[in-house]
Amino acid sequence: MSNRRDFLKTFAASAAGISLTGIPHLALAKHQITKITILHTNDVHSHIDPFPANDPKYPGLGGVAQRAAIINDIRNREPNVLLFDAGDIFQGTPYFNFYGGEIELKLMSQMGYDAGTIGNHDFDHGVEGLAAQLKNATFPLICCNYNFKKTPMAGKTVPYKVFEKSGVLIGVFGLGIELQGLVDKKMYGETVYNDPLENAAIVTHHLKYVEKCDLIICLSHLGYKYKDDKVSDEILAKKSLNIDLIIGGHTHTFINKPYIYKNRDGKDVLVAQVGWAGIKLGRIDFFVNKKSRKLTAESTTLKVFNYASVI
Amino acid sequence: MFSPIKKYFFLLLIFASCKTSSVIKSETTVYPLNQPGYTQVDSSILQLYAPYKVKVDSLMNRVLIKSDMSMEKGIPEGLLGNISADATLLQVREIYGGNSNTSVDFCFLNNGGLRASLPKGDITVGNVYSLMPFENEAVLLTLSGETTEKLIDFIVQKGGMPVAGLKMQIKDSLSTNVIINGKPFDKSKTYGVVTSDYLAGGGDNLYFLNEKLKMESTGLKIRDLIIKEFEDRNKKGETLNAKIEGRITYVK
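Chains as they are written, first to last, in my numbering: chain A, 357 to 667; chain B, 735 to 986.
Please note that the accuracy of each hint is not assured.
DSS-like mimics (lysine-lysine), calculated; alpha carbons at most 25 angstroms apart, straight line [what the hints assert, rightly or not]:
| # | chain 1 | residue 1 | chain 2 | residue 2 |
| --- | --- | --- | --- | --- |
| 1 | B | Lys-892 | A | Lys-413 |
| 2 | A | Lys-462 | B | Lys-789 |
| 3 | A | Lys-413 | B | Lys-787 |
| 4 | B | Lys-917 | B | Lys-901 |
| 5 | A | Lys-491 | B | Lys-789 |
It should be emphasised that the hints constitute simulated quantities derived from the structure, not laboratory data.
As the structure is a prediction and not an experimental result, all values here were calculated from the model.
Required output: the full structure, derived from the provided sequences and hints.
Shown next, in the form of C-alpha cells:
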C-alpha cells in the first residue's frame, strides 16, 4: 500500500499547488479522494458448489460459499463496496433444473449483491419463469434495452440505478444481448430488444448530466467482442461517452487485467469480465476525486497526471 | 487475510472540466476462488442452500458408467462432441427410429450447447446435467439435399461441429469427401437429421433450417438420451471412451 500513500501525499501537495509538508495536507487528501470498490461476477450459470475435484478443467474451483467469504473479507476492509453481476445467473447445474433459479437469487441476495443484469440464459425457463423467481431477489435487475411491457416482467426491471457511497454517486445501467437467433422465441416471448448503443447513449447522458454521477458503470451481457461487427463491449466502449467501466459477460472471457479503450472523447473506458461459473471474482478500486470542482483544473489534474505517469 | 495473487495498477486519466469530479486512478484484482490461500467459506451460505443440496445430490450422485478418459469439446472434432452426438443419434435410432418412416442418417449438435467436460472415472447423472443442462429435445428433420448442403457449409464455416453419422473434410474452406451414413453425400437425396429443437428452430443462426421438409418431435430430451446411452453401455459391461477419428478434418 505504500504506493498509494505516496500517491496521496503527492496529490495533497499538488492540489495545493505549492510545496507543503506535513499531516494536515495528507488529511485533506483523504477527504478529497474516495475509494470505491467494485466487485463483479458474470455467467455464474447456477454454479453453487465448487467444481468437483476430478473436473478436467477447473478442479475444485468456484463455489458460492467461497466467493461469499472473499466478499465478506473485502467488505470488512473497505468502506465503499458495490457487488454486481453481468447476467446468465441461471442455467448450468441441476439447481436450476429443479428449482428454476430460486436458490441462485436467494444466495446472491444473502451475499449482498447490489444489482445484476439479464443474460440470454436467464430466459431459459421463459420470461414467465424469470418473472416468477424475482421474489427471491432483494437486488434489482437493471436493463435499459429490453422492453418487457407486454411480458410478465413488465415493471420488474429498472433501466438504471444510482448508488451513493460516501458522497460519490455511482450510476449503473444494464444492456442485454439480441435475443433473436440466440434464445427460442417461445422463451423470450414479447420481450423487445432495442439498440444497445442508442439506449446506452441516452441513459449515460442522463446519468452524467441529470443524475450528476461521478462514476458510470455498465452491466453488459453483450459479449466482449466478435469476429464480425456484432455489437459488443469493445464496440460499446469505443462508441460511448461517459462510461467509466463496462462489466461484461456472455463470451465467458477471462480478462485478468481490464482492457482500456478510448471512447469518442478520447477518455478511457475499462472493459472487465471474469470468465464464468464463479471461478473468479473481479475487483476494481476507483479513486474518485469528488472535490476537484473546488480546485482549478491545472493545479490538480496535471500534477496528478505527471505523478501517475511515473508509476 | 487475502493477499491478491495478481494485482495490477493502472491509471485512468479522466480529467474533464474543473466542474466535474474525476476518477484519478483505478486498481484491479482478480480473486481465483478456492485455490490455495482462498479456502475460507461462509457457513451461512452453506446453511442456506444445504436443504436444496441434499435433494439435488441424492439424484445427481448416481453413477452411470466409468469413463476411461476425460473428454472435452474441440474443433474441428472433439471427444465430448463425438460422444454426445453418438449417444443422441444411437438413442434416437433405437427409441424413436422404429416409429418413423424417416431414416435417421446423421446427428449434429453445437459446441456452445456442451456446457461442461466429462471427467475420467465415475460419470454421474450430475455430470450429464452439467454437460447438457438445457431442456432441449431431440427432433428429426427431413432436409432436402440442397438444405443439407447448406448445413454442411455451415459446419465448415463454424470450423466443425459435433457430428455423428457424418464424415467430411475441409479443403480451402470448402467441404469435400462428405460421407453420410456410410455413403457419399448425394444432393439429389433427402436426409433424416437429428438435432436439438433449439438448433432446428434457427438457434445459433441456423435460419436456413426453416427450409426443412418435415420436423418430427421425438419428445426425448437430449440429456435423457445421453444418460440412457451411458446406462446401456454400462449394462453391456462397457466403459466409456471416445476417439478423435477424423469425422471432420482439414486437408490441403
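Here is what the structure says about each hint:
{"no.": "1", "hint": "Lys-892/B to Lys-413/A", "verdict": "holds (23 angstroms)"}
{"no.": "2", "hint": "Lys-462/A to Lys-789/B", "verdict": "holds (17 angstroms)"}
{"no.": "3", "hint": "Lys-413/A to Lys-787/B", "verdict": "holds (23 angstroms)"}
{"no.": "4", "hint": "Lys-917/B to Lys-901/B", "verdict": "holds (10 angstroms)"}
{"no.": "5", "hint": "Lys-491/A to Lys-789/B", "verdict": "holds (22 angstroms)"}
Of the numbered hints stated above, none is contradicted by the structure.
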